[in-house]
Amino acid sequence: MSTLTDPPVESFRLSQLINDTRYRSYTFQFIALLCLIALMSYLGLNLVRNLAAAGLNISYDFLGKPAGYDINQRLIEYDSQSTHMRAAVVGVLNTLLVAVLGCVMATVIGVIVGVLRLSKNWLISKLMAIYVEIFRNVPVLIWILIVMQVFVAILPQPRDFRGDNATASMVLDSFAFTGRGFYSPKPIFGDGSAIVIAAFVLSIIGIFLYRAHARKMLFQKGQMLPTFWPSIAMFLVPTILVFFLAGQPITLEYPELKGFNFQGGIFARNSLIALTFALSIYTAAFIAENVRAGILAISKGQTEAAASLGLRPNRIMNLVILPQALRVIIPPLISQYLNLTKNSSLAIAVGYMDLTGTLGGITLNQTGRAIECVLLLMLFYLTISLAISGIMNVYNNAVKLKER
Amino acid sequence: MSDTHAQTVAFVRDTMLPEQAPPTSEAGAVKWVRANLFPDWFNAILTVVALFLIYKILAGFLPWFLGGVWTTSSLAECREVLDGAAGGCFSVLTERWNQLLFGFKYPPDQYWRPTLAFVLLFVAAAPLLFAMYVPKKVLFFTALYPFLAFWLIWGGTILTPIVALVGFIAAYAVFKKVEAQSFAGALGAAVVAAFVVWFIGGFLSGAMSGLLALEPVPSRDMGGFMLNFILGTVCVSLSLPIGILLALGRQSHMPIIKWICVVFIEFIRGVPLITLLFVANVVLAYFLPPGSNFDLILRVIIMITMFSSAYIAEVIRGGLAALPKGQYEAADSLGLDYAQSMRLIIMPQALKISIPGIVNVAVGLFKDTTLVSVISMFDLVGMIRGPILASTEWNGVYWELWGFAILMFFPVCYGISQYSQWLERKLATDHR
Chain L
1 MSTLTDPPVE SFRLSQLIND TRYRSYTFQF IALLCLIALM SYLGLNLVRN LAAAGLNISY
61 DFLGKPAGYD INQRLIEYDS QSTHMRAAVV GVLNTLLVAV LGCVMATVIG VIVGVLRLSK
121 NWLISKLMAI YVEIFRNVPV LIWILIVMQV FVAILPQPRD FRGDNATASM VLDSFAFTGR
181 GFYSPKPIFG DGSAIVIAAF VLSIIGIFLY RAHARKMLFQ KGQMLPTFWP SIAMFLVPTI
241 LVFFLAGQPI TLEYPELKGF NFQGGIFARN SLIALTFALS IYTAAFIAEN VRAGILAISK
301 GQTEAAASLG LRPNRIMNLV ILPQALRVII PPLISQYLNL TKNSSLAIAV GYMDLTGTLG
361 GITLNQTGRA IECVLLLMLF YLTISLAISG IMNVYNNAVK LKER
Chain Y
1 MSDTHAQTVA FVRDTMLPEQ APPTSEAGAV KWVRANLFPD WFNAILTVVA LFLIYKILAG
61 FLPWFLGGVW TTSSLAECRE VLDGAAGGCF SVLTERWNQL LFGFKYPPDQ YWRPTLAFVL
121 LFVAAAPLLF AMYVPKKVLF FTALYPFLAF WLIWGGTILT PIVALVGFIA AYAVFKKVEA
181 QSFAGALGAA VVAAFVVWFI GGFLSGAMSG LLALEPVPSR DMGGFMLNFI LGTVCVSLSL
241 PIGILLALGR QSHMPIIKWI CVVFIEFIRG VPLITLLFVA NVVLAYFLPP GSNFDLILRV
301 IIMITMFSSA YIAEVIRGGL AALPKGQYEA ADSLGLDYAQ SMRLIIMPQA LKISIPGIVN
361 VAVGLFKDTT LVSVISMFDL VGMIRGPILA STEWNGVYWE LWGFAILMFF PVCYGISQYS
421 QWLERKLATD HR
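Line by line, the protein sequences are chains L and Y.
According to full-length UniProt numbering, the first sequence is numbered sequentially starting from 1.
According to full-length UniProt numbering, the second sequence is numbered sequentially starting from 1.
I should point out that these hints are in silico values taken from the structure, not numbers from a laboratory.
Some hints here could point you the wrong way.
Stated by the list, open to error - Sample of chain Y residues with no beta-carbon within 10 angstroms of chain L, all distances over it, derived: (1) A180; (2) G206; (3) I257.
Said to hold, decoys possible - Some chain L residues close to chain Y (C-beta under 7 angstroms, calculated; not the full set): (4) S25; (5) I142; (6) K342; (7) G360; (8) M378.
Keep in mind the model is a prediction, meaning the values are calculated, not measured.
Where is the CB? At the ideal position from N, CA and C, for every residue including glycine.
So here's chain Y without its partners, still in its complex pose:
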């Protein structure tokens, strides 16, 4: 066939032509721009409008930012230096930097303490957040960290946190001893042991209040971004265990316990945080023994913890409900009791499912710590609205301060949410 073919056709190409380059409009940057920015007239208009907006924003922002003044000591001086030119007065940030971070009452020569506590927080959090990369031994430091941080930030004798720590250790030891006989009995014994240690230790630390003492700083002197951070970390870490208990309680078959949890959760979720802060500010004192003097920060921590634990409980309940029923049945058929099946089978899976939700709650809670400024505590927002904007030097510097506040909150919240997405990918086993 092919021979005859050779005679019937005048010319047969026997080599491949080299590939031609695509038309310039179909390759490289031009194609990308056409496909992604100007595919049709509607998108073209959108792109042009967007470009115009970006130009407008940059044209306003860049001269203001680049022409900013960083070294004056008041707004009037700033205006003098600028002399009508566009530029921000960023000297408020350099001037009041410490106030924005630590509040206006924290003793300046002690700033190293919260800073150290902040740095150590990363060391302590590392084994929890990046369990696969950090050696397990660091967990000991994590367990010690709350006591260390308390001592660093609030000061006073080191005996107070040590006594608290010894109380927990004693409780754990007693619990392990009695656990084999009865779970409930062990819990009770542990609580008793802890209180005995704390009671005795109270006298001890009262008697030797000078031992390794840092200069004590009362809670009302806390402020600035430090206050947001303290409230955020303390409340999230406290509300996680409480939230787990509430979620289990709501799932429980015991009607009384179930209803206590349901009423608590629904009530807390139904009211705005600000009313709970009002409770902390003006109402809670009525419900405490006469003469007792809880400081405001502690009352606020209690209320915010209640608030976030209700939300975390709902998230974890979602995780529990998403588990297939077979998991519960499998745990039962292995002969595990309730505590064991929850600890070994149900909770690890349910918590994994709930990670995004828990992180959402944590981010929301950290943002909500700014609400304490409404009950006249001087957190970052409270500092800006109160002492700084009200001062004669800086009355009128708005954009620089609010921009700074955004810059403080955005990286933290964005970082946490990115971390949770990373963790979700890391833990994904594709069979829940």
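Here chain L stands alone, though its shape is the one from the complex:
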């Protein structure tokens, strides 16, 4: 006869904390936590002592004080009497401006280069390979400085536009590319321009509705509606009609040469243009590689299968290849956007006043509030990159292969 008994309850011994795998992880975590706390308190203690020795304290009051410096490229109203906070906001907007412009431009260049690198044309594909290798393997800071130098040295100065025998002239009488920056016409919104804008927005919505309708008709009744020309027509016709009916409320203000410089219009400083351009051609080299890899990742069988279903080449591209290639291309593409945004902090090298230039540059130097400024700077970039990677995760989950 055998009886089942509970195993004897082991009494807990201290050595189990090191030798027993059930408890060992607690020991390790406890030690790690202790080390972390010790390190933090050591650093914190040093901080307190150093601040006390320097007669400083951690405070963000300086953000409310007048900044006292000027920012030459800005999207919102700002003058030297505005607060440091306002200067930081100007910097944030400038950073975002460069990031958005740069991302758009980098995508366009990168996609073109990536596709051309796969071209059957030997010369073109070799040229694109050279472009990609040269730009990927040289620091972006050097590119930024070189592009800036190209703009300053090669483009004409405003004085070259003056006089009867001017050596430079404006493009279409409205765009001026000078060594100081680019000037372009600026739209002035008069009375009634709201109607025009509303018409424009409505026509955009209309295009989307129409395309959805066309798709529905295709799937339900097999009836193919034309989409390309109607979309173009809907995009242009209502807006132009309303524009003239409302009596041309939107006019353009052209830049004009007055005195030593151009006045009026939209002015983009050369530092902004050079930074955007350098960042986008640098990032485009990486994007080109991503695009190439994405297209190559789709096996040839997909193209052949689509062709055997009787699809025409452009439909094969649109319906079969691109949706699959995009799944490969977009995640690295977004991380390239992130890189571009972070690299835009190099603006400080060409004197463009982004957040690193205002908050991390002049404000820091003027107020001496190093810890606060750098902390805010890091928080800003951290927020942006966490937001972008959040978007990326949502996208990845949306396009993930739905497998069994």
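Knowing the structure of chain L, use the given hints to seat chain Y on it.
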């Protein structure tokens, strides 16, 4: 059948005709040009445009390069010699060659030291990079190299690096002795042993500071391309082990350790390197004991190492995630403990998968070392922007200097990426 056939047909050819040469448009160079450059009108236009661009670039570049002046001592003299002709003023490179390479403060009579360290770097790296062609014994030299290079570049008594080396050896010996009893205990004992040796050795090298001493060069005198190279090699080699630890920590089942690693990695990856350099420049001093005087290059090395180790950790995590789960289970079923299974089974495979990513990080890091010029250190870019372009002799020589900077960085980065592709092919076993 065939006999009847012979009568019904008037003529039957019974020998093969010799092959005819293909039409000239379908063979040789003509066919290649037609197929690769002018297959259709769109590509023809592209080719013509590309040829025109190449011509434009060469027409601008070649006279400038070939007509360059290499022997004057200032830009004004250069212009005098050129006298309006097209040509670059490359004498800035010959004139400031040493400054571009070593910075403007490194004592000129000591240039042989960093040069020697640079040459020895190849010897030391060879057994790591080309393990299959280089005898294993060279690895001893690789282990000695960091100490040797430190002594060569920074100078001072040879006792300092020797004491550091002896500390590591003592730590290793103690670790081996105690390892059989307890892994964690051995680690602790090794750390203690190393510190004891370093503490005693500190007095020793302080007392005999003249022994085999090279002229000491302080860190702030480092500059030029040498600084980029020092930062690049030191930070990459330091960040690889730290990155492996961080990746393992992030994969760990222990929540506290996991979260420490996650927060560290995400924080570092979320901010630009330049803010970390600001931290090194202006903030880090607040967190160190009052009166301690870390030199800037050390602070920068700490921050760049943290930066790149976070990126390397993510790359290695990708490699770990790509391993089939069976590998982990197989290691467990063999009865290996965590350290053994990682060292013998998981890491060799995971690292192999991560090679391209690690090399990307290394190349990116080497390029990012130029950012130190923003916090007014005089690396290659800092030298060009600062002392050279600001000098009265060379104010205005841009293209030659930037072209030189490209020429310095491109071969290194391109070489590293080509090496990684070669290594990938070499290690490919086609079953991961």
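A quick look at each hint next to the structure:
A180 of chain Y, annotated as away from the interface, keeps every beta carbon of chain L farther than 10 angstroms; the closest lies near 14 angstroms. Non-interface call for G206 of chain Y relative to chain L: holds, since the shortest CB-CB distance, roughly 25 angstroms, exceeds 10 angstroms. Here I257 of chain Y does not stay apart from chain L, with its beta-carbon only about 5 angstroms from theirs, under the 10 angstroms limit. Below 7 angstroms, beta-carbon pairs count as interface contacts, and S25 of chain L has one with chain Y at about 5 angstroms; its hint therefore holds.
The restraint placing I142 of chain L at the interface with chain Y holds, with a minimum CB-CB distance near 5 angstroms, inside the 7 angstroms limit. The interface hint given for K342 of chain L holds, since its Cβ lies 4 angstroms from the closest Cβ of chain Y, which is under the 7 angstroms cut-off. Because the closest C-beta pair between G360 of chain L and chain Y is about 6 angstroms apart, less than 7 angstroms, the hint holds. The interface hint given for M378 of chain L is met, as the beta carbon of that residue sits about 5 angstroms from the closest beta carbon of chain Y, less than 7 angstroms.
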